[in-house]
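> One-letter residues, chain by chain:
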Amino acid sequence: MSDDTKLNRWRLFAELDAGDAEVVTRACEERILVGGEELFHENDAGDSLFIVQSGRVDVFKNIRGDVERALTSLGPGEVIGEMSFIDGARRSATVRTAEASEFLVLSRQSFAKVQKEHPDIAAAFFRNMAAIVAARLRTTNELYREAVSFGIEATGAQTLNLNNMTEELRHVTLYLSGGQSVSGRILQMDHHAAGYTVVLKMENEKLTVVPYHAIQRIDLA
Amino acid sequence: MSEVVAFVSDHLRASIEALQATAPEPGSPLDL
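Protein chains in written order, with the numbering used here: chain V, 20 to 240; chain P, 64 to 95.
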């Protein structure tokens, strides 16, 4: 496969013809790493994006302390470090090579020259980048939905089936992490960005909103 | 167009932070 064909298959160059793609690649430097090397570390400063030419990299996100979560693995044609390239903020994840890998490196400064001399090429490049970043946003939102869902299942709420209880308006007592308890009938469950909340109708007809993470035990009457 | 990319990228950073915040507290039942 010729380099031109290869570039056309890469999403970042999807709307560029071979000549336009070459304008961008001429603004790039090349970097070669052996397997197991760090391309950059989470919270590093940096404003370059990297395009994997060959090889494979793993992307990790620090969860807490020294615990990392592997987010994804990326191969030829994929883009890395695009957020820092766009906003100049620190790296959001750590990237390590899984094997010997070659990269094209594009700095903000180099791309600014392309933008100035070839605004039409820069616009097409940005359109491709917007599509890539939007696709990653969809993936991350889905991971977030799964993580919240996992939390609900792992703590037993799925087994208790709170939605059924809501429909039947059963009387329950919620024991909370602070040591208190509240009794009433579950009126509804709301899901929003911060998690789930339970709306409880108390004996005195008042409504109480209880965040799900505060509930330690649920007793049915 | 660069503003559009920046807008989407901001949302991606926020989404990643939200995902990170779902990590369980050490010792909690979810800390597998």
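Calculated from the structure, these hints are not laboratory results.
None of these values were measured; they are calculated from a predicted model.
Keep in mind that a hint or two might mislead.
[What the hints assert, rightly or not] Sample of chain V residues lacking proximity to chain P, with all beta carbon distances greater than 10 Å (derived): (1) R30; (2) R50; (3) V53; (4) F59; (5) K80; (6) E101; (7) D106; (8) A108; (9) K132; (10) V152; (11) T159; (12) N160; (13) L195; (14) P230; (15) A233.
[Claimed, not checked] Derived, one-sided and incomplete: chain P residues facing chain V with beta-carbon distance under 7 Å: (16) V68; (17) S72; (18) A77.
Yeah, the Cβ is synthetic: ideal placement off N, Cα and C, and Gly gets one too.
> Take the shortest C-beta to C-beta distance between V68 of chain P and chain V; is it under 7 Å?
With Cβ-Cβ at 5 Å, under 7 Å, it holds.
> Could you let me know if the closest chain P CB is still more than 10 Å away from the CB of R30 of chain V?
R30 of chain V clear of chain P: closest Cβ-Cβ about 14 Å, beyond 10 Å.
> Take a quick look at R50 of chain V and tell me if its Cβ sits farther than 10 Å from every Cβ on chain P, holds or violated.
Correct as stated: the minimum Cβ-Cβ distance to chain P is 23 Å, above 10 Å.
> Find the nearest Cβ of chain P to the Cβ of V53 of chain V and say whether that gap is larger than 10 Å.
holds (28 Å)
> Taking the minimum C-beta separation from A108 of chain V to chain P, is that value above 10 Å?
Label violated. Min Cβ-Cβ 7 Å, cutoff 10 Å.
> Does the claim that E101 of chain V lies off the interface hold, with its Cβ farther than 10 Å from every Cβ of chain P?
Non-interface label fails for E101 of chain V: nearest chain P Cβ at 7 Å, not farther than 10 Å.
> Should the label of T159 of chain V as a non-interface residue stand, given a Cβ cut-off of 10 Å to chain P?
The assertion about T159 of chain V is violated, with a minimum of 4 Å to chain P.
> Just checking, F59 of chain V versus chain P, shortest CB gap more than 10 Å?
Its Cβ never comes within 10 Å of chain P, the nearest being 15 Å, so this holds.
> Test the statement that N160 of chain V is away from the interface with chain P: the closest C-beta pair must be farther apart than 10 Å.
violated (5 Å)
> May I ask you to check that A233 of chain V keeps its beta-carbon over 10 Å from the closest beta-carbon of chain P?
holds (13 Å)
> L195 of chain V clear of chain P by more than 10 Å, beta carbon to beta carbon?
holds (15 Å)
> Hey, does V152 of chain V actually stay past 10 Å from chain P on C-beta?
V152 of chain V is in fact no farther than 10 Å from some Cβ atom of chain P, at 5 Å.
In this structure, the hints that do not hold are numbers 5, 6, 7, 8, 10, 11, 12, 18, in rising order.
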